[in-house]
Structures are given as structure tokens and as C-alpha cells.
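Number of protein chains: 2
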Amino acid sequence: MDGIFAVILAGGSGVRFWPLSRETSPKQMLQIVGEDTLLRQTIKRINGFVPPENIWIVTTEDKAQSIRFHIEPLGNLAKGIQFINEPVGRNTAPAVGLTAIYLNHLSSESIMVVLPSDHAIPDTEKFLNDLRLAIQGAKKDYLVTFGIKPNRPETGYGYIKVARSSKTKPKGLIKVDRFFEKPDLKTAKRYLSDGGYFWNSGIFIFKTSQILSEIKEHLPSLYRTLKEIESILFDSSKPKKPDKLNKPNKHNECNKLNKLYSRLEPISIDYGIMERSQNILMAPAKFKWSDLGSWAALDEIIEKDKTGNILKGNTIDIESQNSTVFAGDRLIATIGLKDMVVVDTPDATLVSPKERVQEVRKVVEALRQADREEHLIHKTVERPWGSYTVLEKGDRYKIKRVVLKPGARLSLQLHRRRSEHWVVVSGVAKVTREGETYLVHTNESTYIPINTKHRLENPGDIFLQIVEVQNGDYVEEDDIERFADDYGRPIT
Amino acid sequence: MDGIFAVILAGGSGVRFWPLSRETSPKQMLQIVGEDTLLRQTIKRINGFVPPENIWIVTTEDKAQSIRFHIEPLGNLAKGIQFINEPVGRNTAPAVGLTAIYLNHLSSESIMVVLPSDHAIPDTEKFLNDLRLAIQGAKKDYLVTFGIKPNRPETGYGYIKVARSSKTKPKGLIKVDRFFEKPDLKTAKRYLSDGGYFWNSGIFIFKTSQILSEIKEHLPSLYRTLKEIESILFDSSKPKKPDKLNKPNKHNECNKLNKLYSRLEPISIDYGIMERSQNILMAPAKFKWSDLGSWAALDEIIEKDKTGNILKGNTIDIESQNSTVFAGDRLIATIGLKDMVVVDTPDATLVSPKERVQEVRKVVEALRQADREEHLIHKTVERPWGSYTVLEKGDRYKIKRVVLKPGARLSLQLHRRRSEHWVVVSGVAKVTREGETYLVHTNESTYIPINTKHRLENPGDIFLQIVEVQNGDYVEEDDIERFADDYGRPIT
Numbered sequence: 001m002d003g004i005f006a007v008i009l010a011g012g013s014g015v016r017f018w019p020l021s022r023e024t025s026p027k028q029m030l031q032i033v034g035e036d037t038l039l040r041q042t043i044k045r046i047n048g049f050v051p052p053e054n055i056w057i058v059t060t061e062d063k064a065q066s067i068r069f070h071i072e073p074l075g076n077l078a079k080g081i082q083f084i085n086e087p088v089g090r091n092t093a094p095a096v097g098l099t100a101i102y103l104n105h106l107s108s109e110s111i112m113v114v115l116p117s118d119h120a121i122p123d124t125e126k127f128l129n130d131l132r133l134a135i136q137g138a139k140k141d142y143l144v145t146f147g148i149k150p151n152r153p154e155t156g157y158g159y160i161k162v163a164r165s166s167k168t169k170p171k172g173l174i175k176v177d178r179f180f181e182k183p184d185l186k187t188a189k190r191y192l193s194d195g196g197y198f199w200n201s202g203i204f205i206f207k208t209s210q211i212l213s214e215i216k217e218h219l220p221s222l223y224r225t226l227k228e229i230e231s232i233l234f235d236s237s238k239p240k241k242p243d244k245l246n247k248p249n250k251h252n253e254c255n256k257l258n259k260l261y262s263r264l265e266p267i268s269i270d271y272g273i274m275e276r277s278q279n280i281l282m283a284p285a286k287f288k289w290s291d292l293g294s295w296a297a298l299d300e301i302i303e304k305d306k307t308g309n310i311l312k313g314n315t316i317d318i319e320s321q322n323s324t325v326f327a328g329d330r331l332i333a334t335i336g337l338k339d340m341v342v343v344d345t346p347d348a349t350l351v352s353p354k355e356r357v358q359e360v361r362k363v364v365e366a367l368r369q370a371d372r373e374e375h376l377i378h379k380t381v382e383r384p385w386g387s388y389t390v391l392e393k394g395d396r397y398k399i400k401r402v403v404l405k406p407g408a409r410l411s412l413q414l415h416r417r418r419s420e421h422w423v424v425v426s427g428v429a430k431v432t433r434e435g436e437t438y439l440v441h442t443n444e445s446t447y448i449p450i451n452t453k454h455r456l457e458n459p460g461d462i463f464l465q466i467v468e469v470q471n472g473d474y475v476e477e478d479d480i481e482r483f484a485d486d487y488g489r490p491i492t
Numbered sequence: 001m002d003g004i005f006a007v008i009l010a011g012g013s014g015v016r017f018w019p020l021s022r023e024t025s026p027k028q029m030l031q032i033v034g035e036d037t038l039l040r041q042t043i044k045r046i047n048g049f050v051p052p053e054n055i056w057i058v059t060t061e062d063k064a065q066s067i068r069f070h071i072e073p074l075g076n077l078a079k080g081i082q083f084i085n086e087p088v089g090r091n092t093a094p095a096v097g098l099t100a101i102y103l104n105h106l107s108s109e110s111i112m113v114v115l116p117s118d119h120a121i122p123d124t125e126k127f128l129n130d131l132r133l134a135i136q137g138a139k140k141d142y143l144v145t146f147g148i149k150p151n152r153p154e155t156g157y158g159y160i161k162v163a164r165s166s167k168t169k170p171k172g173l174i175k176v177d178r179f180f181e182k183p184d185l186k187t188a189k190r191y192l193s194d195g196g197y198f199w200n201s202g203i204f205i206f207k208t209s210q211i212l213s214e215i216k217e218h219l220p221s222l223y224r225t226l227k228e229i230e231s232i233l234f235d236s237s238k239p240k241k242p243d244k245l246n247k248p249n250k251h252n253e254c255n256k257l258n259k260l261y262s263r264l265e266p267i268s269i270d271y272g273i274m275e276r277s278q279n280i281l282m283a284p285a286k287f288k289w290s291d292l293g294s295w296a297a298l299d300e301i302i303e304k305d306k307t308g309n310i311l312k313g314n315t316i317d318i319e320s321q322n323s324t325v326f327a328g329d330r331l332i333a334t335i336g337l338k339d340m341v342v343v344d345t346p347d348a349t350l351v352s353p354k355e356r357v358q359e360v361r362k363v364v365e366a367l368r369q370a371d372r373e374e375h376l377i378h379k380t381v382e383r384p385w386g387s388y389t390v391l392e393k394g395d396r397y398k399i400k401r402v403v404l405k406p407g408a409r410l411s412l413q414l415h416r417r418r419s420e421h422w423v424v425v426s427g428v429a430k431v432t433r434e435g436e437t438y439l440v441h442t443n444e445s446t447y448i449p450i451n452t453k454h455r456l457e458n459p460g461d462i463f464l465q466i467v468e469v470q471n472g473d474y475v476e477e478d479d480i481e482r483f484a485d486d487y488g489r490p491i492t
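As you go down the protein sequences, you meet chains V and R in turn. When the first sequence is numbered by this note's numbering, its final residue is 492 and no position is left out of the sequence of numbers. When the second sequence is numbered by this note's numbering, its final residue is 492 and no position is left out of the sequence of numbers.
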């Protein structure tokens, strides 16, 4: 559809899915349900409905690069996608506002479909049908949202109360009375029996001009800052092609924009706009939906076995009930669990009753306080060229398995405090060492002395795997000087 | 004390402590409570009370070698210890009977102190005091057992009912009315309120002549077989020094003995003798004791924190109660657990309510049925020369870290289907490869081609650690041909 833009909010960190999510692997990048990660599913769902260049991903600068690499498997689709970088995370109202500022310079009449990047919506067809209806409302200058018919007194979602009597057009859309924040159980039960309350899906559809006008009315301070940012970004009001977005390209412009954005008060679009506007329509969703707010939320979206369990990966279970076990290659054996969640990863395991699993935040906070890695990275770390897995770290040594995609190569680099032995276990490696270049085949090895410029490359068309044994008095990742890099990473 | 022999029963497999226990790492070889493993604690407890050569370990042939290596750290003490090998496990009555046959040829008046190898007794002094009393009873031709005063209606132990009215000497020992098997909860409650019932500790003290006479009376078929075995082992009845035990040294003798023993009916000494004999005294134990029958039994013997938890290793807990978390290096995060057990090892994790943790047997059975390794070995496998840890196994490769004790060496060996790259990460390796011998220092590497005789040795006085990367179409442990071995393992 012309003039319609999918704005995918992908700045979230997803602490609630620890230990599967980490700071460098937020929830939207995980494959929790369905055939792909939540972000890639979100992109695929909207692809075709809008052209790739009308899909805009909004995320923080620190996440943008890893998200770019993350969507790379989508091929040409990924190449079309635009990125809007938030200098820092300031919640959804500033993120939507910033995006609207960019979009407004293409056309103030364009329609924004604001999509969280980490929700589950299994049925694309139903979703797109409902979306067509919602767009009719947005075209008439309403803010439109999807409401989900509740089937239980859920306390983890916000609610939308509809105004029963009022008539609206287009047909099928319902005028919203007001939004409510997450209720307590008693209130949630009342909402459920009332019948006039819906879950707030967090998906919003509106015109660019309309959301800016609502921000002006309800969040005037944000609006003023957005206008300042606009004046930095655009020296004329002439519409531009989406692939010709203005970016601050001067250092002091960039600094100024960052400073302005950083000073914004973090506020959600739900709280800042939706709870205050009188101009909202709701489309009652016919599609199945979950915001996957915690490990317990999988119950809504994944089919359970006959005793109510969800068992994934290497598990052996003896008579558990209504429990979720998310395992990988390691064996998780469970006996007689009731309403429990067990999540296993190579370096950390979580065990919690479902009803308390939200408190995983406290675990992540404790790890952060203790400056530990288990909240930050996985044992396997994704890189633009492939990945590496830390197999073991000991006193003065570290053992990694490194995987390179066909054609990929690491940066030309040097380590001041460690040497490296490389043994090729599959594929062929092209090694550069102090100017000399040579091939190392499967079941051959080579040695990179300390303080020696080197580069590892996969010249073949299958994956290259090497085992790297590091020796040195300091074997951390930050002992690296880069001299050339294919992926735009900083050169020393 | 002269003529007193500590007979330590170490044939158990300890399935109930999976995943910490494995077939190759039975419970008695684990450090679950206290400063050392249960077996080594059992040996240290009795050491000094009897001389080392009067400590006899009874175990099955398949476990004997690993137990020998396991007790090696005890130094000279270990060197004095005798081993009695059961050809196969046939429970405790045949094991005690076989030991009595050996001992009877030293002196029929010798006293056997039969000790399980996998119980916890924190206070050695109190134990030895009580033991002195028990021995007085054994000298008067009684079977003597320790009874533990119950403090709860435990259903996991057998019970001893004492005969209240009867007088016995020596003073302090009480005549036993009879033994009872593990009761149901109702019966256990009755035993507790009655006051005349004690837990059966499984520790027994008797004269060699007396136990053989009881076996003759209550297990006549076992007695006949023992006499046959005796006739194979001893051609004269002349007493022998304990370090000059006759062993079947002819092949057909050995076969005959194995066949006889294998045919025995497995029966416990509790059931076969203690529940039938009228000749039993009980010493009421003043020492603290647990048979560590399951993960839940740790509660009796390990001090808990103020909310009743036992947290060991790398754990983060949010408000759990009365729960046990046994972790290693990997992080185990727990939230709001109640009466749960979580046990983590590098390749498997168990999660169970305490009250069902005995059902871990079913997990082990399932693993055995599926022919999986997680019940058999740990990722780190102990060897006489040190240990190895499988860091990763993939398609056509395997990565191990190998640790050699100072002075130790592996067998001279050869692999038909894999080559090996060795990188030394600490210490110095002496490598033999097709007759050539050379040193490989830390941060150096070497290569062992397929079909090449080789040997790895640690000539230094610190531990040697190497990373071994195997390449080949088959990378299992059984691809090994041994040509020479320091530890008596079979040569190809």
C-alpha cells in the first residue's frame, strides 16, 4: 500500500527472557516461538503489505549494528529496510516522535503502523486483514489501536475500555473510552466479566501529521525537542525519498542531537498519548496474539502436551504438570514439577515458579551489580563474520571454537598479550600473518605469535571452523588492535 | 586394636545422587558433605583405630581400579589397604560372607566392623567411642549394630525394635527384639511415639566365626557356596598375613569362583541375617549420622541458612525456602522455590521437589534405556594419570583438555581413525611419536598423525595441561590400541 510505513520498535532489551536473552541478545532476536526470531517474523509478516523501503526499524545506536547483522539472512528484503537510530533508549513516545519527524519530511499524510518487534502473532493473514481496517481509521485522522478480546483475568496487560454507545466510521472500528494500566487481579476479573474491555496490543496505526499533533497537545515538551531535532536534520521542508534520509553528518550536529534526545523524559506512547487522547478507535483483533511478557506467557501461544507441559530441547521429564522446560543440548531432567519454568543455556539456568518468573529482573540486576558476564553475553557470541563460542577459560589460557561464514573474514588485527594456536576442524582457512598469506586445511594448524598482525578468512563456500587456543597473561576480548575491518568497526 | 578389621563396603552405584553420581563416579567417590569424599572420610574415620592393613575395601571388580586411584591421595594409608573383589555385585550378605571367608583364614576370632562407604558421620570421636562399646558385644559372640535415635517419622530407613525388659552385658548395649524394613508414614509415626524403635544405621560389628555361623543358619545356600569358594582359595587352613591373601591366580580357578559368586542370590545382610537372627545387640549411637539416601537427606547433615536453604557453588537465589541448590561453575538462578532440589553438573541438571527426588532412578533408567552417556560418565573423566574433560564434540572433531599429574604418563598408544593436535597450556610435555622423543613447552604445539604410535608424559613437577583437538571420521574413546601402560590396563 502506498504511503504506509511499518515502524518496528526494536530497542527493547528483554530482561524478562533471561537467561535466553542477554544484553547483546535481546528478546526480539530470539527464536522463542515460531520458525524464526521474533524480529524477523515481524518483518516477514508486514513484508509485501508494504515495500521493503517502507519498513523502518527504530532502535538504539548500540543495538543497531547487531540488528543489521541479525536481519541479514532476509537477503534483499533486509537491504531495503531503513534504520532510525535513537541515540539512547527513551521509551516509545520519543522513539515514535523521532520517526514521525523523519517521515513527516517524506509526507505528512503517510501512515505509520507502529509494531513492537517482539510480539507473537501466528496468523499473518488475519493480522493483515485487521490492519486494512485499522488503516481506514487512521486515514480519517484517528489514532487506531488493536484490542484483543480477553479470555482470562490477565494482570500482565494494559486494558482498553470501549465506548459502547457511540457510532463511528469506518464500520468495524470502535470508539475508545479510555486506556487502563495493568490492573490487579480483582480489577482484571471485573474487566473480564464486564465484556467492554480489551487487552492493549501495543500496535498503533496513525497518520504522521496526526501523531505529531497529538504529541504537541499531550507532550508539549517532547514536541519542542522534536522540532529542535528537526531543524538540525532538515534544512528545507522539501520531501525526500526514504532512502535519502538526512542524518546528522557533522560531528557537532550529531553531538547536539544526542544531547537533546538524551535529555528527553522516558515515556511510553501508551501512557503519554493513548491514555490522554480523546481521538482513538479500536480495531477488535481477530488474530491470535501474545506480547510474550515473560516465560509464563508461552502458555498462551505454544501448544502444550496433554499434561500441560511445554518441553523443548534435551529433556527427560517424569510426571510434571503445566510446566515449561526450555533446554538446549545439555540434559535437563525434571521430576514432578507443577507450574514451574526451567530455562537452560550453556552458562546459566533459571528455575522458578511461573507465578514469580517476572522476578528474573532481580537476577539480572544482581548479575549487573556483580559485574558478571551472564547477563551480558552468551557463550556463543554472534559476529558479522560468523560466531565464536568460548569453550573454556582458565588460568593464562582460553579455548574458543570460531565459525566463519563462506567468504567472510575477521579484521586485520593484533594482540599485545596473547598468542593463538589455530586448528582447522572443517573448511579451509586463508591466514595472513605479518604480510605472508597461506592456506590451512582441515586437520592442519598454524600459530599466531604475540604482537603479530594477522587475519583469518574463509575463502571457501562452506563454513570454516577453527579451534583457537589462546595463551597469555591476559586473554580478554579487549586485547585487540584492528587495522582493517570489513564491517565498519573502529580501527585502532 | 588388635584383631579388629574395618570392612568397608564400596560396591554401591549411588544412582540416587545422579547427576552428581554416575556409573563411573558412584556416591562413595563424591564429596557431598564434609571436607573429602565419603569413601575417603570413611577410611580416615577408622584410620588409627585399626592399622591400614586391617582396612579392607570390598567392591566389585569393575569398580576396584577406579577406587584404588581414588584413594591414592591418602598416600601411605592407601598403600596399606586391602581389596576384596566381588566378581559381580550380589548385595551385602554375599559380600560380607566372602570377606569373612578370607578373614577366617587369618583368625576366626577376628572382629569385623562392617562400614558402608557412603554414609555421613561428622563426629569421629563420638563414633569411635561408641564403636569401642559395640566391640565388647561382638567379643561376646553377639551381632552388634548401631541404632540411631529417630527425631522424625522417617520412611527412608529401616527400624530396630529393642527388647526393653531384658538385661544384657556389656553395659550400654541393648538386646534387639527385631528389625523392620522401611515403614509407611503411619507406621513410622507410631515407631517414633513408641520410643522403643531406632533407625538401622547399616553399621555392623561381629566376630568372623559368628557371622559365618549365622550365615550357615539363616542363609544355608550362601554358606555352601562360600565353602566352595573357600576350597578354591585356600588349600590349607593355616592362618595367613593380611597382605598375603590368597587370590585365584589360575585362569580356571578364577572362572570357577566368578561362576559360583555370580549364581548367588542377591540379598542384603539386613534382610538375610539381621531380620532373622535372635542374637543381636544394639549400641545406641551418640554420633550424628545420615545414610545420605537421596538429595533430600542432605537436610539432616548440612547446616541450612535461615530460610532453610542449602546453596552450594555458583548460585543466585531470590527468596527460596527449604530448598537445596547444588551448583558448580555454571550459574544456577532460582526464584521462590519451596522444598525443591536443583543439582547441576556440566552436562546435566536435575530439578525435583524434595519429596519426589528418589524418582531420579527413573531418569537414570531412561538414560540407560536410551544408551546415553549422561548416566555413565561425567564430562570430566578421572584417570590414573590425571583426567580429561570433553569440551565439545562435533561432526568429525572432538576437543578435550587433558591434565597429567607430575610424573604421570599415558599409555603408548595409536588411533586408527583420528589424528590429534596438542597445544600445551601449562607445564611441559614429553612426547613420544614413532620412536622420536621431544619436549613441547607451554604455548607450543605438536601433531600426532593417524596410525602413529605415540605417548604423552609429564616429566615436570607441576601439572601438565594440554588442549587436544581430534580430527577424524570417528572420534570415540574406544579407538585406541595400547602397546604399553603404567597402570596395568589391557594391552592390545
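Source of the hints: derived by calculation from the structure; they are not laboratory data. It is possible that part of the hints are untrue.
[Claimed, not checked] Quick list of in silico lysine-lysine cross-link-like pairs, DSS-like style, CA-CA up to 27 Å:
hint: 1; chain 1: V; residue 1: 393; chain 2: R; residue 2: 175
hint: 2; chain 1: V; residue 1: 161; chain 2: V; residue 2: 149
hint: 3; chain 1: V; residue 1: 393; chain 2: R; residue 2: 379
hint: 4; chain 1: V; residue 1: 312; chain 2: R; residue 2: 393
hint: 5; chain 1: V; residue 1: 354; chain 2: V; residue 2: 304
hint: 6; chain 1: R; residue 1: 306; chain 2: V; residue 2: 338
hint: 7; chain 1: V; residue 1: 304; chain 2: R; residue 2: 286
hint: 8; chain 1: R; residue 1: 312; chain 2: V; residue 2: 379
hint: 9; chain 1: V; residue 1: 306; chain 2: R; residue 2: 354
hint: 10; chain 1: R; residue 1: 304; chain 2: V; residue 2: 306
hint: 11; chain 1: R; residue 1: 398; chain 2: V; residue 2: 405
hint: 12; chain 1: R; residue 1: 393; chain 2: V; residue 2: 379
hint: 13; chain 1: R; residue 1: 379; chain 2: R; residue 2: 306
hint: 14; chain 1: R; residue 1: 140; chain 2: R; residue 2: 227
hint: 15; chain 1: R; residue 1: 259; chain 2: R; residue 2: 216
hint: 16; chain 1: R; residue 1: 126; chain 2: R; residue 2: 171
hint: 17; chain 1: V; residue 1: 161; chain 2: V; residue 2: 186
hint: 18; chain 1: V; residue 1: 227; chain 2: V; residue 2: 140
hint: 19; chain 1: R; residue 1: 398; chain 2: V; residue 2: 430
hint: 20; chain 1: R; residue 1: 189; chain 2: R; residue 2: 175
hint: 21; chain 1: R; residue 1: 430; chain 2: V; residue 2: 312
hint: 22; chain 1: R; residue 1: 379; chain 2: V; residue 2: 312
hint: 23; chain 1: V; residue 1: 288; chain 2: V; residue 2: 304
hint: 24; chain 1: V; residue 1: 398; chain 2: R; residue 2: 393
hint: 25; chain 1: V; residue 1: 362; chain 2: R; residue 2: 149
hint: 26; chain 1: V; residue 1: 312; chain 2: R; residue 2: 398
hint: 27; chain 1: V; residue 1: 354; chain 2: R; residue 2: 161
hint: 28; chain 1: R; residue 1: 430; chain 2: V; residue 2: 398
hint: 29; chain 1: R; residue 1: 286; chain 2: R; residue 2: 140
hint: 30; chain 1: R; residue 1: 189; chain 2: R; residue 2: 169
hint: 31; chain 1: R; residue 1: 393; chain 2: R; residue 2: 379
hint: 32; chain 1: V; residue 1: 171; chain 2: V; residue 2: 354
hint: 33; chain 1: R; residue 1: 354; chain 2: V; residue 2: 393
hint: 34; chain 1: R; residue 1: 169; chain 2: R; residue 2: 288
hint: 35; chain 1: V; residue 1: 286; chain 2: V; residue 2: 149
hint: 36; chain 1: V; residue 1: 354; chain 2: R; residue 2: 175
hint: 37; chain 1: R; residue 1: 362; chain 2: V; residue 2: 354
hint: 38; chain 1: R; residue 1: 362; chain 2: V; residue 2: 306
hint: 39; chain 1: R; residue 1: 398; chain 2: V; residue 2: 398
hint: 40; chain 1: V; residue 1: 312; chain 2: R; residue 2: 362
These figures come from a predicted structure and were not determined experimentally.
Against the structure, the hints:
1. For the proposed pair residue 393 of chain V and residue 175 of chain R, the alpha carbon gap of about 60 Å is over 27 Å, so the pair is violated.
2. Pair hint residue 161 of chain V plus residue 149 of chain V holds up; C-alpha atoms about 11 Å apart against a cutoff of 27 Å.
3. Distance check on the hinted pair: residue 393 of chain V and residue 379 of chain R sit about 16 Å apart at the alpha-carbon level, within 27 Å; holds.
4. Distance hint between residue 312 of chain V and residue 393 of chain R is fulfilled; the C-alpha atoms sit about 21 Å from each other, no more than 27 Å.
5. For a cut-off of 27 Å, the pair hint linking residue 354 of chain V to residue 304 of chain V stands: about 15 Å separates their Cα positions.
6. Note on residue 306 of chain R and residue 338 of chain V: the hinted pairing holds, with a Cα-Cα distance of about 25 Å set against a maximum of 27 Å.
7. Of the supplied pair hints, the one linking residue 304 of chain V and residue 286 of chain R is violated, its CA atoms being roughly 53 Å apart against a limit of 27 Å.
8. Our distance criterion of 27 Å between C-alpha atoms is met by residue 312 of chain R and residue 379 of chain V, whose separation comes to about 23 Å.
9. Among the hinted pairs, residue 306 of chain V with residue 354 of chain R is consistent with the structure: their alpha-carbon atoms are about 25 Å apart, no more than 27 Å.
10. Between residue 304 of chain R and residue 306 of chain V, the direct Cα distance comes to roughly 38 Å. Violation of the 27 Å bound is thereby established for this hinted pair.
11. Proposed proximity of residue 398 of chain R and residue 405 of chain V is supported: the alpha carbons are some 21 Å apart, at most 27 Å.
12. Note on residue 393 of chain R and residue 379 of chain V: the hinted pairing holds, with a Cα-Cα distance of about 16 Å set against a maximum of 27 Å.
13. For the proposed pair residue 379 of chain R and residue 306 of chain R, the alpha carbon gap of about 34 Å is over 27 Å, so the pair is violated.
14. At most 27 Å may separate the alpha-carbon atoms for a hinted pair to count; residue 140 of chain R and residue 227 of chain R meet this at roughly 25 Å.
15. Proposed proximity of residue 259 of chain R and residue 216 of chain R is supported: the alpha carbons are some 21 Å apart, at most 27 Å.
16. Only pairs whose Cα atoms come within 27 Å are accepted, and residue 126 of chain R paired with residue 171 of chain R is accepted, the gap being roughly 17 Å.
17. Note on residue 161 of chain V and residue 186 of chain V: the hinted pairing holds, with a Cα-Cα distance of about 16 Å set against a maximum of 27 Å.
18. With a C-alpha separation of about 25 Å, the suggested pair residue 227 of chain V and residue 140 of chain V falls inside the 27 Å cut-off, and the hint holds.
19. Simply put, residue 398 of chain R and residue 430 of chain V have alpha-carbon atoms about 22 Å apart, close enough for the 27 Å limit, and the pair holds.
20. Restraint check for residue 189 of chain R and residue 175 of chain R: satisfied, since their Cα atoms lie roughly 23 Å apart, inside the 27 Å limit.
21. Between residue 430 of chain R and residue 312 of chain V, the direct Cα distance comes to roughly 46 Å. Violation of the 27 Å bound is thereby established for this hinted pair.
22. For the given pair, residue 379 of chain R sits about 23 Å from residue 312 of chain V by alpha-carbon distance, which is consistent with the 27 Å threshold.
23. At most 27 Å may separate the alpha-carbon atoms for a hinted pair to count; residue 288 of chain V and residue 304 of chain V meet this at roughly 16 Å.
24. Between residue 398 of chain V and residue 393 of chain R the CA atoms are separated by roughly 17 Å; this keeps the pair inside 27 Å, and the hint holds.
25. As the CA atoms of residue 362 of chain V and residue 149 of chain R are separated by approximately 43 Å, the hinted pair breaks the 27 Å bound.
26. Annotation: proposed proximity of residue 312 of chain V to residue 398 of chain R holds, straight-line Cα distance about 26 Å (limit 27 Å).
27. For the suggested pair residue 354 of chain V and residue 161 of chain R, the alpha carbons sit about 46 Å apart, so the restraint of at most 27 Å is broken.
28. Pair hint residue 430 of chain R plus residue 398 of chain V holds up; C-alpha atoms about 22 Å apart against a cutoff of 27 Å.
29. As the CA atoms of residue 286 of chain R and residue 140 of chain R are separated by approximately 22 Å, the hinted pair is consistent with the 27 Å bound.
30. For the proposed pair residue 189 of chain R and residue 169 of chain R, the alpha carbon gap of about 31 Å is over 27 Å, so the pair is violated.
31. At most 27 Å may separate the alpha-carbon atoms for a hinted pair to count; residue 393 of chain R and residue 379 of chain R meet this at roughly 11 Å.
32. Among the hinted pairs, residue 171 of chain V with residue 354 of chain V is inconsistent with the structure: their alpha-carbon atoms are about 40 Å apart, more than 27 Å.
33. A C-alpha spacing of about 34 Å is found between residue 354 of chain R and residue 393 of chain V, which places the hinted pair above 27 Å, so the restraint is violated.
34. For the hint linking residue 169 of chain R to residue 288 of chain R, the alpha-carbon distance of about 25 Å falls within 27 Å, and the restraint holds.
35. For the hint linking residue 286 of chain V to residue 149 of chain V, the alpha-carbon distance of about 9 Å falls within 27 Å, and the restraint holds.
36. At most 27 Å may separate the alpha-carbon atoms for a hinted pair to count; residue 354 of chain V and residue 175 of chain R exceed this at roughly 54 Å.
37. The hinted pair formed by residue 362 of chain R and residue 354 of chain V meets the criterion: a straight-line CA distance of about 25 Å does not exceed 27 Å.
38. A threshold of 27 Å between alpha carbons decides the hint, and for residue 362 of chain R with residue 306 of chain V the separation of about 20 Å falls inside it, so the pair holds.
39. Distance check on the hinted pair: residue 398 of chain R and residue 398 of chain V sit about 16 Å apart at the alpha-carbon level, within 27 Å; holds.
40. Note on residue 312 of chain V and residue 362 of chain R: the hinted pairing holds, with a Cα-Cα distance of about 20 Å set against a maximum of 27 Å.
Checked against the numbered hints listed earlier, the structure breaks hints 1, 7, 10, 13, 21, 25, 27, 30, 32, 33, 36; every other hint is satisfied.
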